[in-house]
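Following the hints, complete the assembly by docking chains B, C and D onto the known chain A.
Residue numbers (numbering that gives the first Met the number 0), protein chains in the order written: chain A, 0 to 346; chain B, 0 to 346; chain C, 0 to 346; chain D, 0 to 346.
If you are wondering where the hints come from, they were derived from the structure by calculation, not from laboratory data. For every residue, glycine included, the Cβ atom is placed at its ideal position computed from N, Cα and C. One should not assume that every hint holds.
[Unchecked claim] Just the calculated beta-carbon pair ranges, DEER-fashion:
1. D:Asn256 <-> A:Glu331: 55 to 65 Å
2. C:Glu300 <-> B:Arg135: 48 to 58 Å
3. D:Asn256 <-> A:Glu38: 53 to 63 Å
4. B:Thr55 <-> A:Asp107: 30 to 40 Å
5. A:Leu336 <-> B:Leu259: 36 to 46 Å
6. D:Ile279 <-> B:Thr115: 58 to 68 Å
7. B:Glu300 <-> C:Leu259: 49 to 59 Å
8. B:Lys268 <-> A:Leu336: 42 to 52 Å
9. C:Lys276 <-> B:Glu110: 41 to 51 Å
10. B:Leu259 <-> C:Glu27: 56 to 66 Å
11. D:Asp225 <-> A:Ser168: 15 to 25 Å
12. A:Asn66 <-> B:Asp43: 46 to 56 Å
What follows is the residue order along each chain.
Protein chains: 4
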Amino acid sequence: MIKAGIVGITGYVGEELARILVQHHQVEIKTITSKSYAEQKYNDIYNNFNGIFQATCEEEDLEKMANDLDVIFLALPHGIASKKINKNILDKVKVIDLGADYRLNDKDIYEQWYQTEHCSSELLGEAVYGLSEIKREDIKHSRLVANPGCYTTCSILSLYPLLKEDLISRNSIIIDAKSGVSGAGRALNIGTHYTECNESLKAYKLLSHRHTPEIEQELSIAAGEDISLVFTPHLIPMNRGLLTTSYAILNQDISYNDILDVYKKYYEKEFFVRIAKEGIHPETRWVKGSNFFDVGFTIDERTGRIIIIGCIDNLIKGAAGQAVQNMNIMFELDEKLGISHVPIFPA
Amino acid sequence: MIKAGIVGITGYVGEELARILVQHHQVEIKTITSKSYAEQKYNDIYNNFNGIFQATCEEEDLEKMANDLDVIFLALPHGIASKKINKNILDKVKVIDLGADYRLNDKDIYEQWYQTEHCSSELLGEAVYGLSEIKREDIKHSRLVANPGCYTTCSILSLYPLLKEDLISRNSIIIDAKSGVSGAGRALNIGTHYTECNESLKAYKLLSHRHTPEIEQELSIAAGEDISLVFTPHLIPMNRGLLTTSYAILNQDISYNDILDVYKKYYEKEFFVRIAKEGIHPETRWVKGSNFFDVGFTIDERTGRIIIIGCIDNLIKGAAGQAVQNMNIMFELDEKLGISHVPIFPA
Amino acid sequence: MIKAGIVGITGYVGEELARILVQHHQVEIKTITSKSYAEQKYNDIYNNFNGIFQATCEEEDLEKMANDLDVIFLALPHGIASKKINKNILDKVKVIDLGADYRLNDKDIYEQWYQTEHCSSELLGEAVYGLSEIKREDIKHSRLVANPGCYTTCSILSLYPLLKEDLISRNSIIIDAKSGVSGAGRALNIGTHYTECNESLKAYKLLSHRHTPEIEQELSIAAGEDISLVFTPHLIPMNRGLLTTSYAILNQDISYNDILDVYKKYYEKEFFVRIAKEGIHPETRWVKGSNFFDVGFTIDERTGRIIIIGCIDNLIKGAAGQAVQNMNIMFELDEKLGISHVPIFPA
Amino acid sequence: MIKAGIVGITGYVGEELARILVQHHQVEIKTITSKSYAEQKYNDIYNNFNGIFQATCEEEDLEKMANDLDVIFLALPHGIASKKINKNILDKVKVIDLGADYRLNDKDIYEQWYQTEHCSSELLGEAVYGLSEIKREDIKHSRLVANPGCYTTCSILSLYPLLKEDLISRNSIIIDAKSGVSGAGRALNIGTHYTECNESLKAYKLLSHRHTPEIEQELSIAAGEDISLVFTPHLIPMNRGLLTTSYAILNQDISYNDILDVYKKYYEKEFFVRIAKEGIHPETRWVKGSNFFDVGFTIDERTGRIIIIGCIDNLIKGAAGQAVQNMNIMFELDEKLGISHVPIFPA
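Isolated chain A, as found in the complex (with noise of 0.2 Å):
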């Protein structure tokens, strides 16, 4: 059984990964911090786990689970992972962090993006991009990985296959993004409270969201070259559920089926990729309650360009799910343990 320690279990993505990891075979959870909520019962905070998980949270003590864990998960702010993390720890305990701390690979843009100071940068080399289907190999012999964020999951897993193959232009992606609520987390505000937007539809963080550097920082490793795109979130009004729209222009003329074959080519073998039948486009109800990514696309003969559509559950492939599809690649496990739910449908 693998020890594993949450650290900040109260957000959502913190909720989502005890959830998952309560019922995974091959895991105990041994520690839960909170900062907000130490000393309480967390099936008094949510209700879910009543009658199934009777743990308290913590004070976090980093030390203590660095000895007695295999590995830690940190569901936390931005900021936070960089000043508790170093060598020391990661003698002595794998971490996966599902923060945005260790996902870029230069201090100066992680600092330009967050406005903030970057307090361990010289692990910035040895954290791998834990974006499982793509970097599998490495992440098999990390002892830190960075999980990516729901929106760039989403948009990477979309467009990687055709930049790797070189058949888009690089400076015509242009990436529209749709999430769920959940995605903004359990924090209170104004932007989130139900009658702010629940039946509104908007586009936010224009131009500034902190995922198009990630995004592009593995899109330009992909392409072999730098990458610029245009990247828009917006907000929908439903819980759970993300959905990428993106757009590129074809480097040439090809068909459907060729393009099939390089999406076939990078995913058919991977069990949480599903590539949609031709005129079917992939819908967020597809993928709620579980790890799968579903993408789907067309070419406009007009005008030269692909569209593609991906799906993930923004709290499971996004965020909670792949974490365990990391943990499940670094311990050598069967990759789908625990994380091999069918959606669930309606919900």
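Using the frame of chain A, we list chains B, C and D on its own:
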């Protein structure tokens, strides 16, 4: 491995059953049937099953299924099962009917409420009402289980201990019930067209909802005498979840703790029943995606009444989950097998 | 033109009042105040007013407002109005208080339920309970109107004729009430965070909701003797709309038509009260965006009970609309002026 | 008083038209027709009209209507109006068609996209495309107005000034559009069954939505040359509201303020167009229940693109409201009459 068949797999109850059984380690789904979608691949209808479940819907052949299978689940509109099931079939296979045909003990009451003839009333004596927590022993030895309705499950479990212990006045019961829209099924209807029920609220089928005689039958058995009660269902703009607010006059001056002891007497050992702490009231979000029934109550000393709040996921404990619970009981498996999911939140 | 002021214009009730009054042909909004948003342009807070209403929020100066205006609307949390209003102010200006401070006739009951001192209880005798259809004559001559709560309006209008005519048992009343989330206001709260209440359902404040004494007070007056009833509010995942399902035991064997005549006696001439046809039950979607109160009922002969369904738009007939209706009455305008909108559907 | 008739009053567009015209001081609705509900009282179909509007649906008799009325509104599925309207009718009555039949100037393009014959193509030259802000002078003298589609209105108004002033590259336009479910109408369909679209998100009709040729036609006229663009509609789980996120490459290095001046040039005097402040992006909640079109934009210097966000209430500015705006123009009334509602929030 138990060989199972699902008749009527393309309704929401059938689909939820498929989702649960696909993940059940002791079950193999051997046959699925659908009148409307015969010959079609199931995952083309429900894309959530893509990459997971490759079966094709067949025309129903109950004889063949009885010969080949260990258990048949029927998820059909009322009036059909009673034409299909007979002793010959029951000699060969166990049947769990998720429809209404075998729930009422009295043929006349059935025919009055459902306005259709009952074609196998000779089986009504044999059929066991499948409220797992209450009829466990009978279910264990049954060949034909009549799985309860969603409103019924929540209503009966809320009131059963109070009537068994003669704590409430039999003529004082009012059940004000509220259900998410999935309870209305997948058949197109103006009342469940998105824009007709979203952002609105209504009571419906006042005094005429067909779960009424079912609730009265089982509570009358519990009470030892005939009960007439008021049952008012309401449609709530959400996908899943069902909550009942039940009101009754207490027969005596009795404390909260004494009533709590009564609930514990009946439910303390029941994994799927969770009694809320004093002052906490069940909410549907804490049971969504699970087989739990959550219950809480409060006493109004001013009016001498007790108010009981009960919650279930209508498609799980209110339908497919309880059906699998009954199957586990019938086949002497661990009762929790395949249905012990932690409720998913926020979802 | 009536010169009006709104104190507390940045809550939802204040905002709805602004929306109605901006379009009211006999009213000019001269002063708007907000504690939290003083000095800010109102349409920067509520962008729906862009291009329409250019006022700036001021610090409140009730003395000055009393001198300058004809009517002041107070849309404040409880406990504040009672500190601000006095006879000196009422000598100069009419006041319509949309808060709770002058609704209860009895200072002790107020202080018990609201857990705060009432600072101007000498005005309780003068204040008129502003349920327009029932207190019209008193409102006409009043200087201080206590506008009813949302649950209260719907509950009282549902039951008033039955109690006036002594048709129901006074101790048998149960009001199972359901409200959209806007009733909880704009203040941030975990319970009204989108992902915490969307797609869920709960009862709340059982036996302790502050609209209870208000309902009991007015229904006791109607009945001519003290009434204790059960009132259970529920939170429904929708923005607007409020529905009450009321239950009572009939005092006699009485026909549907005889009761219909009673409702007609009280409401037939009331523009804002619409009695549903037999067999049709009010739904919140048919009153949304309007000042209508829709009511319907059914008789349960088996249990001797009547079930009454009432519906309002909680922010209009349940708050701002009724306040304007009261203003129209006080200033001897056509009672429908500015509030005769057709309900908007689907919305 | 203008005598008006509504053909097809029982769809959502017809119903919204009824709601607006019932409250319009210069209009009397003389005739309403419905194929499916002939002989039925309108308020029995739409209970929101109870107590307000007592008309009965008739069988359609266009000849008679032409003789008796001043204006006829057609709210019909495509392909029907073109069979009914002819010069004889137009000699007698003004016609505003809210369907698609007279929107496209080219019969062949119509027949290609709608897969049906156009039966009165001789009127295509006469019909005026009813985008009020842009075609006002033509509308004024027209007998036949083709009211634009909802997506079209929002898309064209967003991009028109940029194309008129040659500021964007004609081949670079991508419109990622999102609409609430009322846009899909009232006809029953599995895609708009509550539980199939609630809490989910999808793109649909990729490259094949029928508003595409309409947008291209009008933007080509604005640009002075043919435009091909990408238009991708998405279905959002909410009743009302439509938002377009448009992307284009700027032809030159140009400042925010210079573009703002261009928008002001075209829209500053338009009551129903509201330009957002810099940094603020339109949201559908701020236009709900109104005839406003809100627009805002941002410039991405990194990629040389402009992003324009536009918002409307799809049933008002996107259909019935604009139809009444056009009627006001045609009859030389104040253009705002009957449609100057303040957006309703929260709703």
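How the hints compare with the structure:
1. D:Asn256 <-> A:Glu331: 55 to 65 Å: holds (59 Å)
2. C:Glu300 <-> B:Arg135: 48 to 58 Å: Violated, at about 37 Å.
3. D:Asn256 <-> A:Glu38: 53 to 63 Å: For glutamate 38 of chain A against asparagine 256 of chain D, whose Cβ atoms are near 55 Å apart, the range 53 to 63 Å holds.
4. B:Thr55 <-> A:Asp107: 30 to 40 Å: violated (56 Å)
5. A:Leu336 <-> B:Leu259: 36 to 46 Å: holds (40 Å)
6. D:Ile279 <-> B:Thr115: 58 to 68 Å: Holds: the Cβ-Cβ distance is about 60 Å, inside 58 to 68 Å.
7. B:Glu300 <-> C:Leu259: 49 to 59 Å: For glutamate 300 of chain B and leucine 259 of chain C the Cβ distance comes to about 36 Å; the hint is violated.
8. B:Lys268 <-> A:Leu336: 42 to 52 Å: With Cβ atoms ~31 Å apart, the hint is violated.
9. C:Lys276 <-> B:Glu110: 41 to 51 Å: Given a distance of about 30 Å, which is not inside 41 to 51 Å, the answer is violated.
10. B:Leu259 <-> C:Glu27: 56 to 66 Å: Distance hint for leucine 259 of chain B, glutamate 27 of chain C holds at roughly 60 Å.
11. D:Asp225 <-> A:Ser168: 15 to 25 Å: Taking Cβ atoms as reference, aspartate 225 of chain D and serine 168 of chain A lie about 22 Å apart, which means the hint holds.
12. A:Asn66 <-> B:Asp43: 46 to 56 Å: holds (52 Å)
Of the numbered hints given earlier, the model fails hints 2, 4, 7, 8 and 9; all others are met.
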